[in-house]
Structures are given as C-alpha cells and as structure tokens.
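*Asks:* As they're listed, the protein sequences go chains Z and L. Counting from 1, one number per residue, gives the positions in the first sequence under this note's numbering. Counting from 202, one number per residue, gives the positions in the second sequence under this note's numbering.
Hints in this document: simulated from the structure, not taken from any laboratory. Hints should not be assumed to be uniformly reliable.
Claimed, not checked - Straight-line Cα separation of at most 35 Å, DSBU-like style, residue types lysine-lysine; simulated pairs:
| id | chain 1 | residue 1 | chain 2 | residue 2 |
| --- | --- | --- | --- | --- |
| 1 | Z | Lys159 | Z | Lys138 |
| 2 | Z | Lys159 | L | Lys327 |
| 3 | L | Lys323 | Z | Lys182 |
| 4 | L | Lys416 | L | Lys448 |
| 5 | L | Lys378 | L | Lys218 |
| 6 | L | Lys269 | Z | Lys10 |
| 7 | L | Lys378 | Z | Lys194 |
| 8 | L | Lys416 | L | Lys442 |
| 9 | L | Lys280 | L | Lys358 |
| 10 | L | Lys238 | L | Lys249 |
| 11 | Z | Lys159 | L | Lys269 |
| 12 | Z | Lys52 | L | Lys378 |
| 13 | L | Lys445 | Z | Lys24 |
| 14 | Z | Lys164 | L | Lys327 |
| 15 | L | Lys268 | Z | Lys159 |
| 16 | L | Lys429 | Z | Lys124 |
| 17 | Z | Lys164 | L | Lys426 |
To be verified - Partial list, computed: chain L residues near chain Z (C-beta under 7 Å):
| id | residue |
| --- | --- |
| 18 | Gly221 |
| 19 | Lys249 |
| 20 | Val252 |
| 21 | Asn253 |
| 22 | Ala257 |
| 23 | Leu260 |
| 24 | Ser262 |
| 25 | Glu264 |
| 26 | Ser278 |
| 27 | Ala284 |
| 28 | Arg289 |
| 29 | Thr307 |
| 30 | Thr446 |
Virtual Cβ for every residue (Gly too), placed ideally from N, Cα, C.
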Amino acid sequence: MGIYPPPLEKLIEQFSRLPGIGQKSAARIALYVLKSDRELAENLASALVEVKDQIRLCSVCFNLTDNDPCSICRDQSRANGVLCIVEGPGELLAIEESGVFKGRYHVLHGVLSPLEGIGPEDLKISELFQRIEPEGIKEIILATNPTAEGEATASFLAKSLAEKGLKITRIALGIPMGGDLKYMDSLTLQHALKSRIPLQS
Amino acid sequence: MSRPDPIISPAIITRVKEFGESDLLVTFFTRESGLQKGVAKGARRSLKRFVNCLDAFCLASLEYTPKKQRDLCFIHSGKLLEAHQGLRSEYGSFSRASFIVELAETLFPPGVSDPRVFDLLKDSLKALSDEGGNILIPITFEARAMAIGGYRINLEKCCICGRAYKGEGRAVFVREKGGISCLGCRQESALSPGMEPESIRALRQMQDNDLGQLKGLDLSGGCLKEIKNVLKLHREYRLEKRLKTAKFLD
Chain Z
1 MGIYPPPLEK
11 LIEQFSRLPG
21 IGQKSAARIA
31 LYVLKSDREL
41 AENLASALVE
51 VKDQIRLCSV
61 CFNLTDNDPC
71 SICRDQSRAN
81 GVLCIVEGPG
91 ELLAIEESGV
101 FKGRYHVLHG
111 VLSPLEGIGP
121 EDLKISELFQ
131 RIEPEGIKEI
141 ILATNPTAEG
151 EATASFLAKS
161 LAEKGLKITR
171 IALGIPMGGD
181 LKYMDSLTLQ
191 HALKSRIPLQ
201 S
Chain L
202 MSRPDPIISP
212 AIITRVKEFG
222 ESDLLVTFFT
232 RESGLQKGVA
242 KGARRSLKRF
252 VNCLDAFCLA
262 SLEYTPKKQR
272 DLCFIHSGKL
282 LEAHQGLRSE
292 YGSFSRASFI
302 VELAETLFPP
312 GVSDPRVFDL
322 LKDSLKALSD
332 EGGNILIPIT
342 FEARAMAIGG
352 YRINLEKCCI
362 CGRAYKGEGR
372 AVFVREKGGI
382 SCLGCRQESA
392 LSPGMEPESI
402 RALRQMQDND
412 LGQLKGLDLS
422 GGCLKEIKNV
432 LKLHREYRLE
442 KRLKTAKFLD
C-alpha cells in the first residue's frame with residue numbers, strides 16, 4: 001500500500017507513465033493539481049479527452065490535425081510541387097514557426113532505426129511515394145535531423161527517390177547560429193566547409 | 202562516502218534516448234568497463250560540452266563518473282573522435298552496424314566486459330563505414346564475438362563420435378551441440394545444414410582472428426551462404442532469441 005490515499009496514488013501512477021516523468025515529479029504534479037482550483041482539474045481532464053477524440057492524422061501529409069485535410073494541405077496560397085520531409089509534427093512546427101518555407105510537408109512519423117525494430121514499412125514512406133505523381137512534386141527537401149538515424153533515413157529516401165527524376169535536396173548542416181568554432185567537431189566543420197556559399201556583393 | 206573520480210575514456214556510443222527536457226540517456230561501450238548507461242545533463246542544448254559526439258555508432262572520448270552500485274553513470278563531457286560518416290550515408294551499412302551493436306549488447310551486457318569486444322566493435326564499425334558494401338564484416342564480427350562470448354563453434358572434431366575433423370569432406374552443423382559432426386553421425390537437414398571444408402576453414406579463421414587478420418579472406422557465394430546460415434542457427438539457439446536488427450540485414 002502506498003503512503004498517499006488511493007485516488008492520489010492512482011493519479012501519481014498515471015502521471016509517472018508519461019515520458020520523462022519519474023515518481024517524484026509525478027507526485028509533485030499530482031499534489032499541485034490537488035492543491036489547485038477544481039477548474040484546473042476539470043480543464044485538464046476535458047483537454048485530455050478532447051485531444052484523444054478530435055486529433056487525428058491528416059490523410060495527405062500525416063500531420064496532426066482536427067480537420068482532414070489539415071490547414072497546411074488546404075491552404076491554396078502555398079506552393080505546390082515542393083515537399084519538405086520531416087520526422088514528426090514537432091519538426092514541422094519548428095519549420096512553420098520560422099516562416100521561411102511556403103511549400104507542402106510530409107511527416108514520416110519516425111526515422112529508420114533497426115535497433116528499435118523500425119524499418120521503411122513502419123514509416124509513412126509508401127504514402128510519400130503515392131503523393132509524388134498526383135501532386136506533381138518537382139522537389140523534395142529532406143529535413144530529417146542530422147543524427148545517425150536521421151541521416152540514414154535521408155540517404156535511404158534519396159536513393160529510393162533517385163529514379164523518379166526529382167530534385168532532391170538536404171537541409172544545410174554546419175555551424176549553428178550562436179555556436180563557437182573552437183568547440184566544433186571535425187564532422188560539423190567538414191560539413192560547414194563543404195556547404196559554404198559565396199557572399200554576394 | 203566520497204564520489205569516484207571521473208574517468209576519461211574512448212567510448213563507442215550504441216544508443217541515445219531523449220531524457221526529460223534537455224538530457225540524454227546514453228548507452229556506450231568502453232574498453233575497460235564494457236557496456237554502460239549514463240545521463241548527459243543538458244546534452245541536447247549543449248554547444249560546448251557535447252558537440253555532436255553523442256550519436257549512435259560514434260567513437261567519442263567521454264569524461265564520466267562511474268556509477269555507484271545500480272545508478273546511472275554521470276557523463277560530464279565528450280569529444281567526437283570518429284563519426285563513422287559512411288554508416289549514415291548508406292542504409293545497408295547502417296543496418297549492418299545496428300546488427301553488430303545489438304549482438305554486442307546481447308552477448309556482453311553491463312557487468313560482462315572483455316577488452317577484445319571493444320576493439321572488435323571499433324574495428325568493425327570503422328570497416329563498415331569505410332567499405333560498407335562488404336557483407337563479410339557482420340559475419341566475421343558475429344563469428345568472433347560469439348567465440349569471445351563463450352559460444353565458439355567446435356570445428357575440431359565430430360561432436361557426436363569425437364573423431365577429429367581433418368579438413369576433408371563435408372560435415373554437418375549440430376546446433377544443440379554447438380559443433381560439427383561427421384555425415385555418419387548426423388544427416389543433413391534444414392536445422393542441421395551441411396558445410397563444405399572451405400566453409401569450415403573460413404569459419405575457424407573468423408572465430409580465431411581479429412578483423413585486421415582477415416583482410417585477404419575471399420569466400421565463394423556458396424560458402425558465405427553456408428556460414429551465414431550456420432551462424433544464424435547457432436545464434437538463435439544459444440541466445441534463445443531473435444535479434445531485432447537481423448531482419449534488416451538482407
């Protein structure tokens with residue numbers, strides 16, 4: 001038997017099932033919820049149920065949405081023919097927030113990871129291939145993360161898409177803004193020097 | 202009780218998982234202590250302490266404080282030594298690297314260390330990165346790692362009648378005995394496949410030698426197929442499980 005009353009124990013147990021939340025953090029959050037107004041608990045509960053009921057995947061790009069197709073796929077002002085491939089909805093959101101990309105997206109929902117048992121058939125790769133002809137895709141931007149898995153996924157896609165006659169590009173890799181050359185590793189510097197661009201006068 | 206002094210050691214990173222807001226949970230091999238798990242605090246945001254060194258299959262110099270009993274060790278900083286770029290740019294090599302890492306983790310879990318495995322893993326990842334198309338690398342790794350781990354296939358004599366194998370004529374692999382037998386003692390079948398003398402010689406070399414000593418090894422397609430099949434049967438019988446990564450090998 002736990003040290004807290006059963007309903008509180010149950011709440012702590014549910015919070016501790018969330019990623020990155022251990023027993024102590026779960027207890028702290030549960031005690032905070034208990035101490036707060038009833039309104040907070042009600043809003044939290046209804047938000048959790050709502051998100052499970054209403055959020056689904058867009059049938060075109062596989063982004064999270066409450067309306068199918070999602071607002072990006074419905075947006076007529078966005079450029080057709082350029083598809084940016086991202087690992088997940090979080091990466092899509094980061095690019096959207098930057099405001100620099102005005103094309104379409106395709107969300108893979110993961111990266112190739114044999115160690116985790118994830119192969120090409122576990123990602124939205126066949127769905128990507130099905131979009132190319134009907135949507136008249138001319139360019140694919142591979143925007144997976146520069147991790148070993150992300151790079152391997154980008155290489156796999158580049159190779160698989162090669163015979164489609166598309167322009168395939170990879171987001172630039174190199175020194176991050178605010179970084180310090182002194183602390184950079186050889187691979188990052190190698191990428192940065194290889195991908196250098198001429199400065200226009 | 203005083204905290205142990207930090208150690209600086211070359212480490213092969215095998216797995217990296219996001220942990221909380223900005224930390225990483227890192228699994229790595231070192232030569233001295235084998236497989237370990239540690240937390241790298243703030244690693245996802247670090248532009249100085251962990252620049253691009255905590256990524257799967259990288260060889261990095263890690264500064265860490267060893268764990269007290271069952272705790273995770275604490276990783277202070279790291280420096281990339283070898284990124285193995287070739288593994289990232291070719292999915293086949295990436296899958297093969299994943300296989301050898303999973304096999305090493307299974308054969309040598311935390312607390313079971315052998316410096317030879319670290320060297321074997323390091324050399325195999327480098328070879329895969331440099332010459333990714335070489336399908337011999339995961340096979341030679343498997344044969345050698347199983348032998349180091351105590352699962353060496355006995356290729357010296359018939360495991361049933363005890364007669365010495367002189368390197369002439371076909372033999373049969375007997376998985377429950379972990380060795381070969383003469384054709385008189387066991388018939389060939391799907392679970393007891395036959396092996397040519399060339400395959401037996403090559404497998405013996407793979408079990409006994411490091412990767413560097415196998416440079417000149419040239420095997421026919423049939424021989425390679427026999428060895429692969431025998432190693433698969435042997436691995437699944439001895440480890441009592443199928444590796445997740447094995448299905449991505451072909």
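*Asks:* Work down the list of hints and note, for each, if the structure agrees.
*Replies:* Against the structure, the hints come out as follows:
At roughly 16 Å between alpha-carbon atoms, Z:Lys159 and Z:Lys138 fall within 35 Å of each other, so this suggested pair holds. This hinted pair checks out: Z:Lys159 and L:Lys327 have alpha carbons roughly 22 Å apart, not beyond 35 Å. Using a Cα cut-off of 35 Å, the hinted pair L:Lys323 and Z:Lys182 holds, with the two alpha carbons roughly 27 Å apart. A threshold of 35 Å between alpha carbons decides the hint, and for L:Lys416 with L:Lys448 the separation of about 27 Å falls inside it, so the pair holds.
Distance hint between L:Lys378 and L:Lys218 is unfulfilled; the C-alpha atoms sit about 39 Å from each other, more than 35 Å. Annotation: proposed proximity of L:Lys269 to Z:Lys10 holds, straight-line Cα distance about 31 Å (limit 35 Å). Annotation: proposed proximity of L:Lys378 to Z:Lys194 is violated, straight-line Cα distance about 55 Å (limit 35 Å). Taken as a hint, the L:Lys416 and L:Lys442 pair is honoured in the structure, with Cα atoms around 31 Å apart against an allowance of 35 Å.
Distance hint between L:Lys280 and L:Lys358 is unfulfilled; the C-alpha atoms sit about 48 Å from each other, more than 35 Å. Between L:Lys238 and L:Lys249 the CA atoms are separated by roughly 21 Å; this keeps the pair inside 35 Å, and the hint holds. A C-alpha spacing of about 46 Å is found between Z:Lys159 and L:Lys269, which places the hinted pair above 35 Å, so the restraint is violated. Among the hinted pairs, Z:Lys52 with L:Lys378 is inconsistent with the structure: their alpha-carbon atoms are about 53 Å apart, more than 35 Å.
Straight-line distance between C-alpha atoms of L:Lys445 and Z:Lys24 comes to about 33 Å, which keeps the hinted pair within the 35 Å bound. Restraint check for Z:Lys164 and L:Lys327: satisfied, since their Cα atoms lie roughly 32 Å apart, inside the 35 Å limit. At roughly 43 Å between alpha-carbon atoms, L:Lys268 and Z:Lys159 are farther apart than 35 Å, so this suggested pair is violated. Proximity of L:Lys429 to Z:Lys124 is assessed by CA-CA distance (about 32 Å); at most 35 Å being required, the pair is judged to hold.
Annotation: proposed proximity of Z:Lys164 to L:Lys426 holds, straight-line Cα distance about 34 Å (limit 35 Å). Checking L:Gly221 against chain Z by beta carbon gives a least distance of about 4 Å; that is within 7 Å, so the hint holds. The beta carbon of L:Lys249 is positioned within 7 Å of a beta carbon in chain Z (closest approach about 5 Å), and the interface hint is therefore held. Look at L:Val252: its Cβ gets to within about 5 Å of chain Z, closer than 7 Å, so that hint holds up.
Evaluation of the L:Asn253 hint against chain Z yields a held restraint, the C-beta minimum of about 5 Å falling below 7 Å. Of the supplied interface hints, the one on L:Ala257 holds, with its beta-carbon coming within about 4 Å of a beta-carbon of chain Z, less than 7 Å. Nearest Cβ of chain Z to the Cβ of L:Leu260: about 12 Å, over the 7 Å cut. The hint is violated. Evaluation of the L:Ser262 hint against chain Z yields a violated restraint, the C-beta minimum of about 11 Å exceeding 7 Å.
Nearest Cβ of chain Z to the Cβ of L:Glu264: about 15 Å, over the 7 Å cut. The hint is violated. The criterion of a C-beta within 7 Å of any C-beta in chain Z is not met by L:Ser278, whose closest approach is roughly 10 Å, and the hint is violated. With its C-beta approaching chain Z no nearer than about 4 Å, L:Ala284 sits inside the 7 Å limit, and its interface hint holds. Taking 7 Å as the C-beta cut-off, the interface hint given for L:Arg289 holds, the closest approach to chain Z being about 4 Å.
Nearest Cβ of chain Z to the Cβ of L:Thr307: about 11 Å, over the 7 Å cut. The hint is violated. Hint status for L:Thr446: holds, given a least beta-carbon distance of 4 Å to chain Z, under 7 Å.
In summary, the structure is inconsistent with hints 5, 7, 9, 11, 12, 15, 23, 24, 25, 26, 29 from the numbered list given earlier, while agreeing with the others.
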